[in-house]
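Place chain E on chain U using the hints.
Protein sequence lines correspond, in order, to chains U and E. When you read off a place in the first sequence, starting at 1, and then add 74, the result is the number in the working numbering. When you read off a place in the second sequence, starting at 1, and then add 74, the result is the number in the working numbering.
The hints are simulated quantities; they were obtained by calculation from the structure and are not laboratory data. Since the model is a prediction, treat every value here as computed from it, not as a measurement. Some clues are possibly wrong.
Identical copies carry no separate label here, and so any pair may be met within one copy or between two of them.
[Said to hold, decoys possible] List time: in silico SDA-like cross-link candidates among lysine to any residue, alpha-carbon distance up to 25 Å: (1) Lys-356 <-> Gly-191; (2) Lys-357 <-> Arg-379; (3) Lys-256 <-> Glu-271; (4) Lys-356 <-> Ser-192; (5) Lys-256 <-> Ser-282; (6) Lys-310 <-> Pro-253; (7) Lys-357 <-> Ser-192; (8) Lys-357 <-> Arg-386; (9) Lys-357 <-> Gly-191; (10) Lys-256 <-> Ala-283; (11) Lys-256 <-> Thr-328; (12) Lys-256 <-> Arg-311; (13) Lys-256 <-> Asp-76; (14) Lys-357 <-> Glu-369; (15) Lys-256 <-> Asp-235; (16) Lys-256 <-> Ser-192; (17) Lys-256 <-> Lys-268; (18) Lys-268 <-> Ser-279.
Protein chains: 2
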Amino acid sequence: MDRLIEAIENAQNPSVVGLDPTPALVPPQVVASFADEVSDSVEDPAEIPAAQLAVAYFEFNRTIIDAVADIVPAVKPQIAMYEALGPAGVDVYTMTCEYAAQQGLYVLGDIKRGDIGSTAAAYAGHLSGVASGDTSFDPWHEDAVTVNPYLGTDGITPFVDAATAADKDIFVLVRTSNPSSKELQELDLADGGKLYEHVADLVESWGSATIGEHGYSRVGAVVGATHPEEGAALRKRMPHTFFLVPGYGAQGGTAAGVAGMFDADGSGAIVNSSRGIIGAWKKSGEYRDSMTADEALSLVASAARSAAQDMRDDLRINVYR
Amino acid sequence: MDRLIEAIENAQNPSVVGLDPTPALVPPQVVASFADEVSDSVEDPAEIPAAQLAVAYFEFNRTIIDAVADIVPAVKPQIAMYEALGPAGVDVYTMTCEYAAQQGLYVLGDIKRGDIGSTAAAYAGHLSGVASGDTSFDPWHEDAVTVNPYLGTDGITPFVDAATAADKDIFVLVRTSNPSSKELQELDLADGGKLYEHVADLVESWGSATIGEHGYSRVGAVVGATHPEEGAALRKRMPHTFFLVPGYGAQGGTAAGVAGMFDADGSGAIVNSSRGIIGAWKKSGEYRDSMTADEALSLVASAARSAAQDMRDDLRINVYR
Chain U
75 MDRLIEAIEN AQNPSVVGLD PTPALVPPQV VASFADEVSD SVEDPAEIPA AQLAVAYFEF
135 NRTIIDAVAD IVPAVKPQIA MYEALGPAGV DVYTMTCEYA AQQGLYVLGD IKRGDIGSTA
195 AAYAGHLSGV ASGDTSFDPW HEDAVTVNPY LGTDGITPFV DAATAADKDI FVLVRTSNPS
255 SKELQELDLA DGGKLYEHVA DLVESWGSAT IGEHGYSRVG AVVGATHPEE GAALRKRMPH
315 TFFLVPGYGA QGGTAAGVAG MFDADGSGAI VNSSRGIIGA WKKSGEYRDS MTADEALSLV
375 ASAARSAAQD MRDDLRINVY R
Chain E
75 MDRLIEAIEN AQNPSVVGLD PTPALVPPQV VASFADEVSD SVEDPAEIPA AQLAVAYFEF
135 NRTIIDAVAD IVPAVKPQIA MYEALGPAGV DVYTMTCEYA AQQGLYVLGD IKRGDIGSTA
195 AAYAGHLSGV ASGDTSFDPW HEDAVTVNPY LGTDGITPFV DAATAADKDI FVLVRTSNPS
255 SKELQELDLA DGGKLYEHVA DLVESWGSAT IGEHGYSRVG AVVGATHPEE GAALRKRMPH
315 TFFLVPGYGA QGGTAAGVAG MFDADGSGAI VNSSRGIIGA WKKSGEYRDS MTADEALSLV
375 ASAARSAAQD MRDDLRINVY R
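Chain U on its own, in the form it takes in the complex (with noise of 0.2 Å):
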């Protein structure tokens, strides 16, 4: 987890950008400007809609990794809106990823995966890249990567080798931000304590072979914003476990809410806005239907820098020391 917290130290930001492009946020013109060179390269008519958002979707996030590089130390991608485009999709989530890292971002491949063992070992490839022979190939580009614990150690297992071997990390999830999180993640254990309580547990256990300079392992924890008080009481419970934070902004969270999230030195923690930053040209009054593709990603970078400085600073404020 070094490289993360160095990134957030060189930025004095503990925030990351969800990456997490939807048709309703990346602006009409942008989709539309797209179209000649779409039709002209697809072949298949059906695939058109898809391919054409898959492209406007990369401008749309170089756009915004571009206007946030030199304030937000990584961003977080969410591969299942580039999933929900089919391959097209999945090859711009990797485009994406690639570009960040070139920005000199960390890059936070939120994929959720979880199998068991042998199967997860392949999902690992995510981090490890495409072992053949004396080539090294990469093909994610991403520095760290959300798994799912439900299946156990075995299946979290080989993405702490794969993170070791290739100086990355993962997050677990432990407490997610949504409503009905709690229908398995607060249900009361028989020998005390909750779900999310024993599965944080493991997840601190998980990391102890691999703590870094700075006190944190390589296997993090996502803890939703909207759970104030649990996410300060895992603080406690997990000393070695860094933090993902989503849940800040459009679902609810708060700077205030997350500061128990954090540790004594203002450590430990990074807290992720998705919507807040990148959709936040919606919402500056300045849109117009007439505006150029051009002017209108004008815009969606201005106001996505802007939102990305305002949550640094009520980060700064309420958290960061």
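Relative to the frame of chain U, chain E by itself:
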């Protein structure tokens, strides 16, 4: 679930072939046979090994599919094996799904996705395809997908909605076949019962509005063959939930062990085998390093067909009526 159940009835065979290729499961001369084709079409030398494996995976899968299409009702490609090769692998995953569907097979995409509601809706594009204007585009070609329950109801509902709209199905992880599945799934709850039983009840309820002509809902459950007693108890506990049963063969599950996961009519479950079928050529004793690629693929086909017939007969004798 009606389409799957009818496919099983037509084949008189409640088994599904897992299409989980690995570098070790594809005969090396098959991989080598694509060297020229790939080096001509791939620009970056670092990408060549993965691209060559990806092409070989498709040829291997097509060989297996052709060999078993008249014996089994379904195939289950495991997307992790393809993601391990990067986007080129994901392309081959979708090509494999499309080819299998064209051969009349029910395609069960083992993707184990799961996220919060808005993101789950994007993942549900695996089933719904890309909604865009008046063109319909289904890039994934899956008839069902596997889903992780850790996020609760709002992570499941989008999949159920998409499955219902598209006449497709999902299978939710309940009791997985791996050894450390017990770490979470067998936890005793304060209100009685174990975590996987609580998940089982959720799964039964998630499907309750989608029960088909054959009495099973669109929301199935993954129940490992390595847990015979628990599986039999779950069969009674979840009367409208169809089971996907992994872990037969290589992981130690037997036909006698899975018998209790079927209902009184011999329906209610489909049993997966992956390595036991697609890796049968390695155990045949007939493989020779001197074989050509075509000869090796012929052996792959005949060994897979024979293994699939053996599994079918094993299930017919012990389970299926």
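Results for each hint:
no. : hint                : in the structure
1   : Lys-356 <-> Gly-191 : between (43 Å within a copy, 22 Å between copies)
2   : Lys-357 <-> Arg-379 : within (13 Å within a copy, 59 Å between copies)
3   : Lys-256 <-> Glu-271 : both (12 Å within a copy, 16 Å between copies)
4   : Lys-356 <-> Ser-192 : between (44 Å within a copy, 18 Å between copies)
5   : Lys-256 <-> Ser-282 : between (27 Å within a copy, 21 Å between copies)
6   : Lys-310 <-> Pro-253 : within (24 Å within a copy, 30 Å between copies)
7   : Lys-357 <-> Ser-192 : between (46 Å within a copy, 20 Å between copies)
8   : Lys-357 <-> Arg-386 : within (19 Å within a copy, 59 Å between copies)
9   : Lys-357 <-> Gly-191 : between (45 Å within a copy, 23 Å between copies)
10  : Lys-256 <-> Ala-283 : between (30 Å within a copy, 23 Å between copies)
11  : Lys-256 <-> Thr-328 : within (20 Å within a copy, 36 Å between copies)
12  : Lys-256 <-> Arg-311 : both (19 Å within a copy, 23 Å between copies)
13  : Lys-256 <-> Asp-76  : neither (32 Å within a copy, 32 Å between copies)
14  : Lys-357 <-> Glu-369 : within (16 Å within a copy, 63 Å between copies)
15  : Lys-256 <-> Asp-235 : between (30 Å within a copy, 21 Å between copies)
16  : Lys-256 <-> Ser-192 : between (30 Å within a copy, 17 Å between copies)
17  : Lys-256 <-> Lys-268 : both (10 Å within a copy, 16 Å between copies)
18  : Lys-268 <-> Ser-279 : both (17 Å within a copy, 23 Å between copies)
Checked against the numbered hints above, the structure breaks only hint 13 and satisfies the rest.
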